[in-house]
Every structure is written in C-alpha cells, then in structure tokens.
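If you're matching positions, the sequence shown starts at 1 in the numbering used here and goes up one per residue.
None of these hints come from the bench; they were simulated from the model.
We put the beta carbon where it would ideally sit given N, CA and C, even for glycine.
Take the hints with a grain of salt, since some may be wrong.
The calculated label-pair distances, taken between Cβ atoms and stated as ranges, are [said to hold, decoys possible]:
#1 Phe7 - Leu233: 29 to 39 Å
#2 Pro126 - Gln249: 40 to 50 Å
#3 Gly8 - Arg229: 24 to 34 Å
Under the rule of at most 27 Å between Cα atoms (straight-line distance), these lysine-lysine pairs were calculated in the BS3-like manner [said to hold, decoys possible]:
#4 Lys189 - Lys152
#5 Lys404 - Lys189
#6 Lys404 - Lys152
#7 Lys374 - Lys189
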Amino acid sequence: MSYTSIFGPVNNPWQRGFNSGGSSSGSAALVALRAARKAGLEGLDDLGPDVELAIGGDQAGSIRIPAAYCGIYGLKPTFGLIPYTGIAGLLPMIDHVGPLATNVEDIALLLTVLAGYDGLDPRMSPESPLREKVQQYHEELAAFGAQILQPKHPSASKPLLRVGLITESFQITGMSEEVAETVRSAAMKCFTAQGAEVSEVSIPMHALGATIWTAAVRNQMASHAFGGRATDLLTHDMPHLSPIWPSNQEFYDVLSRHNPAVVLTILGETLLADAMPLSAQRKAHRHVLELRAAYDDALRHYDVLVTPTTPTVAPPLPDMEDHPGPDPTAPGSVERMLRLAAGSTNNTSPFNATGHPGLSVPCGWAASPHGGYKLPVGMQIVGRRFDDLGVLKAAKLFELGGGKLGPRPA
Numbered sequence: 001m002s003y004t005s006i007f008g009p010v011n012n013p014w015q016r017g018f019n020s021g022g023s024s025s026g027s028a029a030l031v032a033l034r035a036a037r038k039a040g041l042e043g044l045d046d047l048g049p050d051v052e053l054a055i056g057g058d059q060a061g062s063i064r065i066p067a068a069y070c071g072i073y074g075l076k077p078t079f080g081l082i083p084y085t086g087i088a089g090l091l092p093m094i095d096h097v098g099p100l101a102t103n104v105e106d107i108a109l110l111l112t113v114l115a116g117y118d119g120l121d122p123r124m125s126p127e128s129p130l131r132e133k134v135q136q137y138h139e140e141l142a143a144f145g146a147q148i149l150q151p152k153h154p155s156a157s158k159p160l161l162r163v164g165l166i167t168e169s170f171q172i173t174g175m176s177e178e179v180a181e182t183v184r185s186a187a188m189k190c191f192t193a194q195g196a197e198v199s200e201v202s203i204p205m206h207a208l209g210a211t212i213w214t215a216a217v218r219n220q221m222a223s224h225a226f227g228g229r230a231t232d233l234l235t236h237d238m239p240h241l242s243p244i245w246p247s248n249q250e251f252y253d254v255l256s257r258h259n260p261a262v263v264l265t266i267l268g269e270t271l272l273a274d275a276m277p278l279s280a281q282r283k284a285h286r287h288v289l290e291l292r293a294a295y296d297d298a299l300r301h302y303d304v305l306v307t308p309t310t311p312t313v314a315p316p317l318p319d320m321e322d323h324p325g326p327d328p329t330a331p332g333s334v335e336r337m338l339r340l341a342a343g344s345t346n347n348t349s350p351f352n353a354t355g356h357p358g359l360s361v362p363c364g365w366a367a368s369p370h371g372g373y374k375l376p377v378g379m380q381i382v383g384r385r386f387d388d389l390g391v392l393k394a395a396k397l398f399e400l401g402g403g404k405l406g407p408r409p410a
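Using the sequences provided together with the hints, build the complete structure.
Below, the structure written as structure tokens:
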C-alpha cells in the first residue's frame with residue numbers, strides 16, 4: 001500500500017491522509033493529481049507537477065488497486081505482452097508492467113509503445129508479438145469509438161458486447177455493499193446504454209483465486225524479490241541492486257516500521273518452504289491452469305468479465321507509531337498496517353496467476369467509513385489473453401454509455 005516508503009506515505013490526491021494504493025502508489029498519485037486539479041479540487045497548488053502518463057508494476061494488483069483508489073485508468077496487460085526487462089520483479093510467473101492514465105485513449109497509446117517482444121525477457125512466449133507486429137491499439141480504439149458513434153441500423157439484433165459480472169467477485173471478504181452496488185449499477189446502466197448485454201456469471205473457482213495465487217508463488221517470492229535469487233531462465237539482471245540477504249536485524253527493524261508486508265513475505269516463504277513440499281507447489285500450479293480454464297470457459301460465452309477492482313474505497317493511512325494504551329490486546333502498528341492491505345487483492349491477484357488482461361476503470365464514488373469522505377470506485381474489466389484491445393474497447397463502450405468517475409459528490 002502507499003505507506004511503505006522509507007521517505008514517507010503517498011497521500012491520495014482526492015483526500016489527504018488516505019491511501020493511494022500500492023505498490024505503484026507514486027505513479028497513480030501523480031496521474032490522479034492531474035485529474036483532481038482538472039476537476040477543480042482545491043488545496044493542490046503546492047504539490048508540485050503532475051503527469052499525464054505513468055508506468056506501474058503489478059504482481060497481485062499493484063497497477064489496478066492504486067488506479068481504483070485514485071480514480072484513474074490502470075491496465076495490467078496480458079502476461080508476456082509487455083517486456084519486464086530492467087524492472088525489479090517479485091516472481092517471473094506473476095510479474096506484469098503496464099500503463100496508468102486519466103483516460104483510456106492514453107492507456108491504448110502507451111500500450112502501443114510498450115508492447116512487443118524485446119529478445120531479453122523470458123516471461124515472453126511464442127504468443128508475444130514481435131515489435132513490428134504489435135497492434136496499433138490507440139488507432140484501433142479511435143476507429144472503434146468513431147464507429148460506435150455512427151447511427152445504428154434499427155434491425156441490428158446482436159448485442160454489441162456480452163458482459164459477464166462475476167457473481168463471486170461481489171461476495172469476497174470485506175466487500176463494501178456501496179462499492180459493490182456502485183460497480184454493478186454502473187455496469188448495468190452504462191454498458192446496456194450502448195447496446196451491450198449484461199448478466200451475472202458464476203465462476204466458483206474465482207472465490208479460491210487469491211488462495212491459489214498464494215500457494216503457487218509465496219514459497220519462492222521473498223528469495224526472488226528481496227534475496228536476488230536468479231531465475232531458472234536466462235535473464236538480463238540488474239547489477240546495481242545489492243540485496244541484503246540473508247536479512248539482518250537492521251533490515252528487519254526498518255521493514256517492521258515501514259513495510260511489514262515484506263517481513264510477512266519472508267516469513268511466509270520460510271514457513272511454506274519448511275511445511276510445503278515442492279509437490280504441493282506443483283499442485284498449486286495445476287490449480288492455476290484449472291483457474292485459467294474456468295475464466296477461459298466463461299470468456300467463450302462473454303466478451304469481457306467484470307468485477308469490483310477492490311472491496312472498498314481507499315482506506316486511511318495508518319498511524320506508523322506504536323502508542324501503548326490500557327488495552328494490551330489492541331493491535332500494534334505492524335498489525336494495523338497489515339490489516340489495511342488484507343483482502344485488497346482478492347479480485348485482482350487471480351488474473352496475475354492466469355495471465356488475463358485486467359483494466360481498472362473509474363466508475364463512481366462511495367463513502368469511506370472513516371470520516372464519510374467520498375472517494376473513487378474502480379471497476380475491473382477482464383478479457384481473453386492477448387485480447388487487450390477487446391478490454392480497451394469495452395472500457396470505451398462503457399465510457400460512451402456514461403461510465404466515468406463523474407463529479408465528486410458533496
């Protein structure tokens with residue numbers, strides 16, 4: 001989340017003291033700062049320059065979650081579409097990099113620039129396009145938008161888009177009723193306004209998606225991400241990084257204060273490596289393939305799938321200090337920090353494991369239970385692997401039907 005930097009927290013541009021998501025916090029906040037200024041939000045003059053475009057990394061939701069919290073667009077592309085070369089990864093199986101922007105056209109433009117096989121990244125596959133074969137996403141999206149604005153033939157009966165709302169995604173632990181209703185009503189209203197067909201689809205395995213992600217990657221993530229462990233495939237490493245591994249006490253003291261999630265990752269790998277044989281991880285990988293097949297089967301009947309990006313709006317930033325009180329059972333700062341992140345990736349991490357593209361689209365506002373502030377809500381659009389253009393088109397159709405962040409309610 002956005003309180004893990006040793007330099008201090010990254011505030012949400014829409015409400016100081018609130019999370020901007022993570023881990024691509026700064027990227028999202030700088031793009032959202034431009035959106036908030038354009039919307040006329042006061043008190044932002046002294047915050048320095050904003051940006052039109054940014055790039056984020058995403059292993060469990062780290063592009064889409066900050067995009068949702070900050071009310072902007074964020075795309076986790078199909079696995080292997082954009083090379084990850086030159087970026088510090090967590091684990092090759094789930095590493096994704098993608099664009100953040102204030103509108104879908106800029107997402108498409110940056111995707112055109114970034115996508116394509118670079119000859120270095122082993123995450124790319126025979127399905128990855130060569131640079132000269134990359135779709136001109138921005139041009140094709142513009143052509144699609146122009147086509148939609150043309151008068152429709154009255155005898156056309158086939159729906160322009162088939163949208164499936166994943167039932168289980170609206171029922172995950174910690175799901176805010178207001179967030180769920182905001183996403184559901186926006187999808188129903190704005191997609192159907194442009195002739196799309198929207199219905200619910202049950203994918204029972206989605207409820208297990210975050211658990212499958214955990215079992216498939218957690219027993220190797222710490223040594224890869226923080227220990228500098230070499231992968232089993234030839235890669236272009238980052239020689240300027242010098243991991244502190246094995247971790248020393250100073251390392252743990254700094255992380256306990258600023259980023260206990262890293263300590264949790266190290267602890268998780270230690271426990272899983274001792275308790276879970278490699279055969280169990282291989283079994284988890286087979287479950288990933290089963291989960292991928294479940295989404296693929298749904299995508300044979302629907303063009304895109306929709307979920308809430310996050311279960312809640314942005315939570316407040318935590319108090320980073322321990323304040324001993326009369327109640328010895330009260331959670332300390334480490335537990336408070338970890339609780340804020342718990343469950344936030346339940347709708348996003350499954351698609352890191354399966355490799356499907358996912359785009360967080362701003363779709364409205366909901367009240368935070370902390371102070372009653374109105375904060376952005378994100379809707380995730382998921383498509384077939386390597387049909388990132390189809391996801392972008394769905395986002396454009398949603399927008400043309402009236403789907404957007406909209407003015408901030410009083």
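Cross-check of the supplied hints:
{"no.": "1", "hint": "Phe7 - Leu233: 29 to 39 Å", "result": "34 Å, holds"}
{"no.": "2", "hint": "Pro126 - Gln249: 40 to 50 Å", "result": "47 Å, holds"}
{"no.": "3", "hint": "Gly8 - Arg229: 24 to 34 Å", "result": "30 Å, holds"}
{"no.": "4", "hint": "Lys189 - Lys152", "result": "19 Å, holds"}
{"no.": "5", "hint": "Lys404 - Lys189", "result": "12 Å, holds"}
{"no.": "6", "hint": "Lys404 - Lys152", "result": "23 Å, holds"}
{"no.": "7", "hint": "Lys374 - Lys189", "result": "21 Å, holds"}
Checked against the numbered hints listed earlier, the structure breaks none of them; every hint is satisfied.
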